[in-house]
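Going line by line, the protein sequences match chains A and B. Be aware that the first sequence starts at 5, since it is given in this note's numbering, and climbs by one per residue. Be aware that the second sequence starts at 179, since it is given in this note's numbering, and climbs by one per residue.
Quick caveat, the hints were computed from the structure, so don't treat them as lab data. Honestly, I wouldn't trust all of these hints.
Using C-beta positions, here's what the derived DEER-type ranges look like [said to hold, decoys possible]:
| # | chain 1 | residue 1 | chain 2 | residue 2 | range |
| --- | --- | --- | --- | --- | --- |
| 1 | B | Gly248 | A | Asp112 | 21 to 31 Å |
| 2 | A | Asp25 | B | Gly248 | 17 to 27 Å |
| 3 | B | Ser349 | A | Asp191 | 36 to 46 Å |
| 4 | B | Arg210 | A | Gly125 | 42 to 52 Å |
| 5 | A | Glu69 | B | Ala383 | 48 to 58 Å |
| 6 | B | Arg214 | A | Arg136 | 49 to 59 Å |
| 7 | B | Leu356 | A | Glu71 | 17 to 27 Å |
| 8 | B | Arg350 | A | Arg136 | 25 to 35 Å |
These numbers were taken from a predicted model, which means no experiment stands behind them. Beta carbons are placed, not taken as given, at the ideal position from N, Cα and C, and that holds for glycine.
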Amino acid sequence: MADTASLPLVRAQGLSKRYGDKRVLSKLSFSLQSGGFLLVTGPNGAGKSTLLRLCAGLEGPTAGELEVGVERDELGYLGHEPLLYRELTALENLELFAKLYRVPERRDRIHELLERFGMWGERDNRISTYSRGMIQRVALCRVLLHEPRLLILDEPYTALDAAGCELLDAVLAERRGNHTFLVSTHDPARIEHLASDRLAFAEGAAT
Amino acid sequence: MSAAAGMSGRRGRGGLVGYLGDVATLAGKDLRIEWRARDTFPAMALFVLSTMTIFHFALPSGSSDRAAQGMLWVAILFTALLGLTRTYAPEREQGMFDGLLLSPVDRSAIWLAKVLATLVFLAAVEVVALLAFWLFFAHVGGAMIAAVVLADIGLCAVGALVAAMATASRSRELILPLLLLPLSVPVVVGAVGASVDTGTGKYLAFLALYDAIFSLIAWGTFEYVVAE
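Just chain A, with the same shape it has in the complex:
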């Protein structure tokens, strides 16, 4: 029997993506081992977000193979949208996702995360009343709620203030090795030391 620990958790072979006539990804190949940390960098419009959406299963590739060895309940995805309902409070949003993900002892878990991200005091206010940075903090709580094996984070530092960035640095460092990460950023220096693998984009051609 093959040693599953040595198998890549994410494997792409000749991955391409087009939107109409526009080629976004072209014959991209890479693999990411379980427990690894893949840092994706590149200019705007190079295809970073598209790659992350493909890996999250939100879109399908135009050509090539992509295998992601996790179930939906083992995946945490943070994209450009916070994926929170504006009319609900932070607590209600996290309760909703905790129920859908069958998070055990969900009240304690939500309390722990909101406290950690400095949002417990704001828990009963609607998301529509938050600043963009506060929304990003709650979105990070949502992503971590069910302790996913694979974390796909698209520009996770967006809108965070200095304290929020430091907090996220600490959260990523703590989880490094125990979770598998696929992170895109415009500020690679910030998390360069955590990365086990790197993918640098230049207009759809990763190196």
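Once you have looked at the hints, place chain B on chain A.
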């Protein structure tokens, strides 16, 4: 080609009880959002009341009950359409479709929750509509109430599927009525027949059959509709 989209999310989800729990959670979320935002219900109630009032003054005195009942069904159909255009508004406007599709719930649970939430809005509006009908036009009998209930189920089941299709399109306001109205013709025929004809049982059975068939089709195909 294999893709991550093939990821499954139903490990140990608790069978039917877990599925119904997910439906209740999602439907409860929709009702709570509507209660807070009040985007849909006031528009539906205002539309149905305005329609009733206009027809009350437009129909000449001595008009037959059939004309009034026909008018009631026009009002109900377009009120349902109005509600269905807003069914996926929170998901569309806040990018929440991704959040729901990423979660490990069975995707048909998302459809069923939308059906239930829309049914609640529609039922609440129809209480207003039937009261207005009774006040302005004619007696509301048991057959009419049964027809309204069965028609609502059919309209919401098909409408929640079609609205999901339309959500992905830029011209969603056009596509929803374009797809829904032809599919609603059997509902209107059955409902009007049950309200005005002598063979009420036959028409109610027809509506129940429509509900069963179209609900099953919508339940079974929703997953493919919301796939990329």
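Against the structure, the hints:
{"no.": "1", "hint": "Gly248/B <-> Asp112/A: 21 to 31 Å", "result": "violated, 58 Å"}
{"no.": "2", "hint": "Asp25/A <-> Gly248/B: 17 to 27 Å", "result": "violated, 51 Å"}
{"no.": "3", "hint": "Ser349/B <-> Asp191/A: 36 to 46 Å", "result": "holds, 39 Å"}
{"no.": "4", "hint": "Arg210/B <-> Gly125/A: 42 to 52 Å", "result": "violated, 22 Å"}
{"no.": "5", "hint": "Glu69/A <-> Ala383/B: 48 to 58 Å", "result": "holds, 51 Å"}
{"no.": "6", "hint": "Arg214/B <-> Arg136/A: 49 to 59 Å", "result": "violated, 21 Å"}
{"no.": "7", "hint": "Leu356/B <-> Glu71/A: 17 to 27 Å", "result": "violated, 39 Å"}
{"no.": "8", "hint": "Arg350/B <-> Arg136/A: 25 to 35 Å", "result": "holds, 27 Å"}
When held up to the earlier numbered hints, the structure conflicts with 1, 2, 4, 6, 7 and fits the remainder.
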